[in-house]
Amino acid sequence: MNKILVVEDEDILREVIMDYLIEEGYQVLEAADGEQALELFQSHSVDLVILDIVLPKIDGWSVCRRIRKNSNIPIIMLTARSDEDDSLLGYELGADDYLIKPYSPRVLMVKVKRFLEKYSGNMDEMLTSASGIVINMGARLVSVDGNTISLTHTEFEMLAYLMQNRGIVINREQLIAKIWGYDFYGDEKTVNSHIRNLRAKLGSKGSCIVTVIRSGYKFEEEQL
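Residue numbers (full-length UniProt numbering): 1 to 224.
Hints were generated in silico from the structure; no laboratory data involved.
Hints are supplied without guarantee of correctness; some may be wrong.
What the hints assert, rightly or not - Dumping the calculated SDA-like pairs for lysine to any residue here, alpha-carbon to alpha-carbon at most 25 Å: (1) K69 / D11; (2) K205 / S215; (3) K57 / L99; (4) K201 / I168; (5) K57 / A80; (6) K189 / V169; (7) K113 / N72; (8) K113 / Q27; (9) K201 / G132.
Please take these sequences and the hints and turn them into a complete structure.
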């Protein structure tokens, strides 16, 4: 049974989210502030976090940043604001998806299910490798020249998709459909932000992810 941490300071909204999750068969932990959220995360094995931004004691940005220091589990952030800068900051901190209030709990459930299926799926031990980058799909681990690196769920999915289609140009619409699905509410800037973070984590190998102007991205192996 997947365990989900719901971090929301509005009692009624938190209860609504929890009711939907429990009805779907998930085990749920709840937190009304950022401090409690981090305590629960550290003391329990959590598979996904639903995280409000405006929280007492420690805000959602800081909670997201601290979780990302130790874990690549999916994080879905919630906000009452539609400011583009807010969403981009969330993605840069490592959030996997973003919902603006008011939103449909059913849409949230679809996103939760999709992320958990992807996160726990591909449990074979198939390896994908190129240019010193190795992806273990079963263990969901990535190494660069023998050194393991930490990627978020979304960064992992993007890298795997690009490497599995190496040499082929993947446009942003294809990436959005593959990673988030057709109900995604973001835009191309979201893709750009995740690609930028991914390149930075890959270090010198980040150059293998090539931008094709007015088209998209492709993975090109290093030339020996």
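Here is how each hint holds up against the structure:
1. K69 / D11: 28 Å, violated
2. K205 / S215: OK: K205 and S215 at ~21 Å, within 25 Å.
3. K57 / L99: At roughly 22 Å apart (the allowed maximum being 25 Å), L99 and K57 satisfy the hint.
4. K201 / I168: 22 Å, holds
5. K57 / A80: 18 Å, holds
6. K189 / V169: Holds. K189 to V169 sits at ~18 Å (cutoff 25 Å).
7. K113 / N72: 17 Å, holds
8. K113 / Q27: Roughly 13 Å separates the two Cα atoms, so the pair holds.
9. K201 / G132: Given pair K201, G132 holds - Cα atoms ~14 Å apart, limit 25 Å.
Violated hint for the displayed structure: number 1, the only one.
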